[in-house]
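**Q** Okay, here's what each chain looks like letter by letter:
Number of protein chains: 2
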Amino acid sequence: MTKIDSLVKGILERDDLSISKAITIVENDFPESNDLLIQLYPHTGKAAIIGITGPAGSGKSTLVGQLIREYRKMKKTVGVVAVDPTSPFTGGAFLGDRIRMQDYVTGNGVFIRSMATRGNLGGLAKTTKDVVRILDASGKDIVIVETVGVGQAEVGIISVAHTTVLLFAPGLGDEIQALKAGLSEIGDVFVVNKADRENAEKTVNDINSILNTGDIDGTWRPPIIKTIAITGEGTEELINLIDQHREYLKTGVFERRLRKSIETELIEEIKQKFTLHLTNNLKREVDFKSLVNQILKKEIDPYTAAELILRKITIG
Amino acid sequence: MTKIDSLVKGILERDDLSISKAITIVENDFPESNDLLIQLYPHTGKAAIIGITGPAGSGKSTLVGQLIREYRKMKKTVGVVAVDPTSPFTGGAFLGDRIRMQDYVTGNGVFIRSMATRGNLGGLAKTTKDVVRILDASGKDIVIVETVGVGQAEVGIISVAHTTVLLFAPGLGDEIQALKAGLSEIGDVFVVNKADRENAEKTVNDINSILNTGDIDGTWRPPIIKTIAITGEGTEELINLIDQHREYLKTGVFERRLRKSIETELIEEIKQKFTLHLTNNLKREVDFKSLVNQILKKEIDPYTAAELILRKITIG
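Line by line, the protein sequences are chains A and B. The opening position of the first sequence corresponds to residue 1 in the working numbering, with each subsequent residue numbered one higher. The opening position of the second sequence corresponds to residue 1 in the working numbering, with each subsequent residue numbered one higher.
Hints may be right or wrong, so weigh each one.
Identical copies look the same in the list; a pair holds intra-copy or inter-copy alike.
[As the list claims (entries may be wrong)] Pairs of lysine to any residue, SDA-like flavour, derived with a Cα cap of 20 Å: (1) LYS126 / GLU13; (2) LYS273 / ILE300; (3) LYS273 / LEU310; (4) LYS271 / ILE315; (5) LYS126 / GLU154; (6) LYS202 / HIS162; (7) LYS273 / ILE313; (8) LYS260 / ASP287; (9) LYS273 / TYR248; (10) LYS271 / ILE313; (11) LYS298 / LEU12; (12) LYS260 / GLY45; (13) LYS46 / ILE112; (14) LYS73 / THR275; (15) LYS76 / GLY139; (16) LYS76 / GLY45; (17) LYS271 / ILE38; (18) LYS298 / GLU263; (19) LYS260 / PRO42.
Rather than coming from a laboratory, the hints here were simulated on the basis of the structure.
Please build the complete structure, drawing on both the sequences and the hints.
**A** The following block contains the structure:
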C-alpha cells in the first residue's frame with residue numbers, strides 16, 4: 001500500500017489526522033496532490049455544500065458556529081473550510097465564552113480548517129474546491145465554506161457551494177449598495193444578522209428592493225431572514241431555507257449547474273497543467289533561448305515567436 | 001496595401017490619427033491586433049520609456065505635465081500612456097488654469113492616451129506594453145507610463161519602463177511604510193513632491209532609511225529629490241537623474257533586464273495563445289462533452305480528464 005493509498009483509506013474511514021494531512025498536501029500543491037485527488041474523486045458528491053459570505057463584521061463565524069451546533073443536534077457531521085483572514089477559526093475563541101473552537105475541532109463529527117490566504121485568490125478557488133472534495137469524501141454530511149467579501153475572486157471561491165448564504169448586518173448598508181443587481185446572482189438565501197440592532201428592518205427592505213431589480217435565475221426567489229447569531233435565534237429557520245433550496249436544486253437546476261462548473265474546472269485544470277508542461281519543456285528547449293536572442297536582435301517579434309513555440313508543442 | 005499596412009505606414013509617418021486607431025485596435029484586442037504588432041515590432045526600441053507611479057494625491061499627473069513641457073523645450077517628442085483611473089488626462093483640466101490638456105493632445109509632438117482600466121489588471125500589463133510599442137514605433141523620443149499605486153498588478157504594468165520614478169508627497173507616509181524594503185526594487189528615482197509642504201524632509205528621511213535596509217540591484221543607489229510640480233521646481237533635476245539612470249543602464253544592465261523581460265513576455269504570449277487555441281479546439285472536440293459526462297457519472301475524475309485532453313493537444 002503506497003503512502004497515498006493509506007491516506008485515502010484513512011480519509012474514507014473518517015480519520016481526522018488523515019483528513020488534515022491530505023489538506024496540507026493539497027494546500028501546498030505537493031507532488032502527490034494529483035494522485036490523492038484522483039483517488040478521492042469517486043467518493044465525492046454526497047455532501048451538501050453551503051457557502052457563507054458577507055462583509056467583515058456581519059457575524060459569519062458566529063453564525064457558522066450556530067449552524068455547526070444545530071447540525072450536530074440533527075446528528076449530521078460537518079466540515080468547515082474558512083477562507084477568511086479575519087476568521088476567529090484561526091485559533092481564537094469565538095462566541096465569547098459560551099462556544100469555543102475546541103468544542104468542535106477535536107473531532108466529535110466536526111472538522112474545521114482555516115485556509116492560508118497567502119498567494120493569489122485565483123489559486124485559492126481551486127484549492128478550496130479540492131479541500132471541499134476531501135471533506136466530502138470523508139463522509140461529512142455538510143461542508144461549509146466561509147469566506148469574506150463579495151469581490152470577483154471571493155465569488156470564485158464560493159462558487160463551489162450548492163447553496164450560498166449572503167450575510168449582512170444593520171449599518172453595513174454601503175456593502176449592499178455596492179453589490180446592486182449582482183446580489184441575486186451570488187446569494188440563494190439572504191440573512192440580516194444582528195437583527196436586534198436598530199435599522200434591521202431597513203436592511204431587509206434594502207436587500208428586498210435590490211432583489212426586485214435583479215434577474216431571478218429560475219423560479220427560486222431568494223428569501224431574506226433575520227437572525228441573531230449570538231443567541232442562535234433564526235438558525236433553525238435558516239437551516240430550513242437551506243433545505244428548501246436544496247429541494248429546489250433537484251428540479252434539474254443542480255445538474256445544469258454541476259455540468260457548467262465541471263466544464264469550467266476542466267478548462268482551468270488543462271490551463272494549469274499546460275503552464276507546468278510549458279515550463280518543463282522550455283527548460284529543455286534550446287529553441288527558447290535562441291528565439292529570445294532573435295527577438296532581442298529584432299530578427300523576429302515576440303508574437304510570431306510565441307506562435308512558433310505553441311505550434312511546436314501543440315497539435316491541431 | 002491592406003488596411004493594416006496603411007495604418008503601419010501612418011504610424012511610421014507619425015500621424016496622430018493612425019496612432020490613435022492602432023491603440024484602439026490593441027486595447028480592444030481586435031483580430032488585426034496581432035498583425036499590427038508584428039509589423040511594428042522591428043521599428044521599436046528607440047524610445048526612452050519612463051514609468052511614473054505613486055499613491056493617489058502625490059501629484060503624478062501634474063509632474064507628467066511638467067515633464068512634457070520640459071522635454072518639448074528640448075525638442076523631444078513625447079507619448080503618454082495614463083493607466084490611472086484618477087488621472088485628469090481623461091479629459092479634465094490639470095494644473096489649474098495654467099496648463100491644459102488641450103495644449104498637448106492636439107499634436108505638437110505630444111500624444112496622450114488614457115487607458116480604460118476595465119477588466120483585470122493582469123491583462124492591462126500586456127496591453128500597456130503593446131501601446132508603448134506603438135508610441136515607440138511612431139518615433140516618440142520619450143514614452144511616459146503613468147500608473148497609480150504600487151500593488152503587484154501595478155508593478156506589472158510599470159515593468160515596461162526602463163526608468164521608474166516613484167513619487168510621494170509629505171503626509172502620505174503610510175504608503176511608504178507599506179512598501180518597506182520592496183521600495184528599491186520598484187523605483188530607480190524617488191521624488192518627494194509638494195516639497196513646500198511641512199514634513200517634506202521627514203518624508204525624504206523615511207524613504208532614505210527604507211532604501212538603506214533594502215537590496216540595491218547593481219551599483220545604482222536610487223537618488224531622492226524634492227520637487228514642487230505645480231511650479232515646475234525640480235523638473236530639470238529630475239530629467240537629469242533620469243538621464244543618469246539611462247547612462248547607468250548602458251553598462252550591461254539594460255540588456256540583462258531586456259532579456260528577462262522578453263523571456264517573461266514570450267511565456268505569457270504562449271499561455272495566452274494556448275488559451276485561445278484551447279477554447280477553439282474544445283468547441284470542435286466531441287471528446288470534451290463526452291468527458292464532462294463521464295466526470296458527472298464519476299467514471300473519470302477531472303484531473304485525469306484534463307491530463308488526457310492536454311496530451312491529445314500537445315507534444316513532448
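**Q** Now look at each hint and say whether the structure bears it out.
**A** Right, here's what the structure says about each hint:
1. LYS126 / GLU13: Neither, since 25 Å and 49 Å both go past 20 Å.
2. LYS273 / ILE300: Between copies, since 17 Å is at most 20 Å while 28 Å is not.
3. LYS273 / LEU310: both (15 Å within a copy, 8 Å between copies)
4. LYS271 / ILE315: For LYS271 and ILE315, the Cα distance is within 20 Å both inside one copy (15 Å) and across copies (15 Å).
5. LYS126 / GLU154: within (12 Å within a copy, 25 Å between copies)
6. LYS202 / HIS162: Classified as neither: same-chain Cα gap 28 Å, cross-chain 54 Å, threshold 20 Å.
7. LYS273 / ILE313: Result: close both inside a copy and across copies, 13 Å intra and 12 Å inter.
8. LYS260 / ASP287: between (39 Å within a copy, 16 Å between copies)
9. LYS273 / TYR248: neither (36 Å within a copy, 41 Å between copies)
10. LYS271 / ILE313: both (14 Å within a copy, 12 Å between copies)
11. LYS298 / LEU12: Between copies, since 17 Å is at most 20 Å while 58 Å is not.
12. LYS260 / GLY45: Answer is within; shortest intra-copy Cα gap is 15 Å, inter-copy 45 Å.
13. LYS46 / ILE112: Only inside one copy: LYS46 and ILE112 sit 18 Å apart there, 58 Å across copies, limit 20 Å.
14. LYS73 / THR275: neither (47 Å within a copy, 48 Å between copies)
15. LYS76 / GLY139: Within one copy only: 10 Å inside a chain, 70 Å across chains, cut-off 20 Å.
16. LYS76 / GLY45: Within one copy only: 16 Å inside, 65 Å across.
17. LYS271 / ILE38: within (18 Å within a copy, 25 Å between copies)
18. LYS298 / GLU263: between (40 Å within a copy, 14 Å between copies)
19. LYS260 / PRO42: This pair counts as within: shortest intra-copy Cα distance 19 Å, inter-copy 44 Å.
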